[in-house]
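K.L.:
Below are the chains, spelled out letter by letter.
Protein chains: 2
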Amino acid sequence: MKHVLGAKCVRCGREWPAEPNTTTCPACGGMLDIQYDYAAIAKEVSHETMANRTEQSMWRYMEYLPVQGLGNRPRLRVGWSPLYRAERLAKVLGLNTLYVKDDGVNPTASLKDRASAMAVVKAEEAGAEIIACSSTGNAASSLAGNAAAVGFPTYIFVPSRAPKGKVSQLMIFGAHVISVRGSYEDTFRLSQQAIERYGWYNRNAAINPYLMEGKKTVALEIAEQLNWQMTDYVALSVGDGCTIAGVWKGFKDLYATGMIDRLPRLISVQAEGCCPLNRAIAENKPWEPMEENTLADSIAVGVPRNADKALAAIRESDGVVVNVSDEEILAAARLLGRTCGVFGEPAGVTGTAGVKKALELGLIPPEASVVSIVTGNGLKDTPNAIKAAGEPISIDPDMGQLLDVMERL
Amino acid sequence: MKHVLGAKCVRCGREWPAEPNTTTCPACGGMLDIQYDYAAIAKEVSHETMANRTEQSMWRYMEYLPVQGLGNRPRLRVGWSPLYRAERLAKVLGLNTLYVKDDGVNPTASLKDRASAMAVVKAEEAGAEIIACSSTGNAASSLAGNAAAVGFPTYIFVPSRAPKGKVSQLMIFGAHVISVRGSYEDTFRLSQQAIERYGWYNRNAAINPYLMEGKKTVALEIAEQLNWQMTDYVALSVGDGCTIAGVWKGFKDLYATGMIDRLPRLISVQAEGCCPLNRAIAENKPWEPMEENTLADSIAVGVPRNADKALAAIRESDGVVVNVSDEEILAAARLLGRTCGVFGEPAGVTGTAGVKKALELGLIPPEASVVSIVTGNGLKDTPNAIKAAGEPISIDPDMGQLLDVMERL
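In order, the protein sequence lines correspond to chains A and B. Residues in the first sequence are numbered from 1 upward in steps of one, following our numbering. Residues in the second sequence are numbered from 1 upward in steps of one, following our numbering.
Pulled out of the complex, with its shape left as it was, chain A reads as follows (with noise of 0.2 Å):
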């Protein structure tokens, strides 16, 4: 916490201590932001001294998080995922440069994990005893597992279309699961009544600010992994607004610090059937709730809690917006999987699709540099994955029915 100015908030701009359980703007019920000492950061970090660290997680980066230390406990091992130099897909898209960060090989098998061993820490250092959330699934079962992990029981509220796998690793956690027949919102405005009511630490990305702290971490590694040489584009599904917040927050760090000389523009991928974000920015008005049609379940989200956040990253960042069809998520998701063994859940493939679906359209140009990020595990919803490819051929155990199938193939 030693860089930690304080909490600012990014409707009225008041600022305000921050404490470890801290959420909205007292005054006004804004989001609010964490501000830090850059100039002391900037003391302390160099390329140099980041490259000597040995620590392989999302606390490699300790002098950009607000935390004052992680104890003893045991933790989950979070962040530093694999980023991929992408070649063979970058050449079947047309593009010049293209990288993939897999964050499905996170603890929980989804890039919330950063934000919820963040949670884990700060709910700690609050002394709560009781962890909440609702989510739309991966918020929940990062938050269940780092959670677990140390001992916090949780509650959590999940809508009742949330996919089997996201369920079972709740179940498997030990955490408490509502499941709420209702959207997103429906499920987001109950566990606040519950938390308010019992007194539980608050794990709500769109009312904590310190989850955003732990997600920009992706950011840092990106960084760090392209050795401080950032792509022109930085693309990544957009749901409640809070990942790509965080993304850009992360960015804005390294720069403000003088790690990256310059800093990328976001690609925000919404799904057609659930874009009230980037209908904002293509129209420049105000964002209006949307209904929640698309299959990437991670990323339906018709009311975008962090929408403030979301819209001012896109904006700042001179950011391209693009939907995309559930038709084009699951052909991501093939896409990925055969040219970069990368299984990403559909929301986790979204970027990938945005990335395709923005050159075709000509919004961005065949010789630009892109990192994707797949936010999530295609293990995670499997029924997708299914439809996205097909089912295998069945045949006895026979050498004719196997040179038949041979033939057709």
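Everything labelled a hint here was simulated from the structure, so no lab data went into it. Hints are not guaranteed to be accurate.
Given that identical chains are not distinguished, each listed pair holds provided it fits within a single copy or across any two copies.
Claimed, not checked - The calculated SDA-like cross-link candidates involving lysine to any residue, where the alpha carbons are at most 20 Å apart (straight line), are:
| # | residue 1 | residue 2 |
| --- | --- | --- |
| 1 | K8 | E19 |
| 2 | K164 | P383 |
| 3 | K285 | D404 |
| 4 | K285 | D308 |
| 5 | K164 | L295 |
| 6 | K164 | D396 |
| 7 | K164 | I393 |
Following the hints, position chain B against chain A.
P.N.:
Only chain B this time, still in chain A's reference frame:
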């Protein structure tokens, strides 16, 4: 390859040159074992050289591996999975010291990535055009993913009982998948016939001696992560026998080169419904085929193809054998999830189930130190996770219903 001396038959003892496409002993059909010049390796490695190494994958240990180099093709980042100190789980089990090695965070979410990454490199060295294997699931999905990353076509044979999660991976990675309506043994035999007929590169672990060399890297990592101070025991689930043989080879390699000063005893854990290897050890007679009656699909292997090496490994290590019921496997899944935040597939948690049972039976003492290897991610088999942990509570978005639920909890 500079430290490889050749390939020695574990049955007849004859020695052969180690070629990239070497399979079984040309004289007797026995499994071959890759031989190293340990004196030469010992001159090149030390605790200090390892500590200074930046490579964070299974290729960290090149001196111990039978490859020339990796070339420039993009590869998945396999290995260097976390080793967690499992204090809360140890307390629950009444065990002094327990570590959990989570190999479910590998790129395709199982330990088998280590063997498949090796197979892909050797197939490239052999100038192969297609790689094939049969598998209960994880060898298949890991081959499909690791091959897709470098652009290799694959033909993969799975028994029809393979869980959906694993099959969905194969399809996404673009493998040609043949689902065989029969046992693993039927599937294996059909794949062998096809491999012979079409001249594909053979990634069957019971045939190809290099795969075990990939798998042994899990042991090399465990030792290094323990700061070269080995635990008394290392527990893992056993099916075909290749993994336990590989783990043992890894520890012996380290011992032979002076990197560790004692060898752990292996705890070989099989399912009660399919334990041909453990039965052979317990009754001290040759192994005999068994039915494949367990929900832990990855170790439901009635005819273990790597029996020779596996039995030798268990005996040489003065190992402990213990069989667990399906109920004990599901209970271990809950335990690992709730106390460690680690979600394993049934075969993945079987090692931990065995540790619990071995303690209860007095086969290992409470003051022992143990590493338990989680060999695969629970997301690969969601239905069995739900079976282990149950379904969530379902309510309408209504505070009244929530209050009722809270009262009941």
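K.L.:
Taking the hints in turn, state whether each one holds.
P.N.:
Status of the hints after comparison with the structure:
Taking the shortest alpha-carbon separations for K8 and E19, only the intra-copy value of 12 Å comes in at or below 20 Å, while the best inter-copy value is 64 Å. For the homomeric pair K164 and P383, the shortest alpha-carbon distances inside one copy (9 Å) and between copies (8 Å) are both at most 20 Å. Taking the shortest alpha-carbon separations for K285 and D404, neither the intra-copy value of 59 Å nor the inter-copy value of 43 Å comes in at or below 20 Å. With identical chains, the CA atoms of K285 and D308 are at most 20 Å apart within one copy only, with a shortest distance of 12 Å there and 71 Å across copies.
For the homomeric pair K164 and L295, the shortest alpha-carbon distances inside one copy (14 Å) and between copies (19 Å) are both at most 20 Å. Taking CA atoms no more than 20 Å apart as the test, K164 paired with D396 passes between copies only; the shortest distance there is 19 Å, against 30 Å inside one copy. Within a single copy, K164 and I393 get their C-alpha atoms only as close as 25 Å, which misses the 20 Å cut-off; across copies the closest is 14 Å, which meets it.
Consistency with the previously given hints fails for number 3 only.
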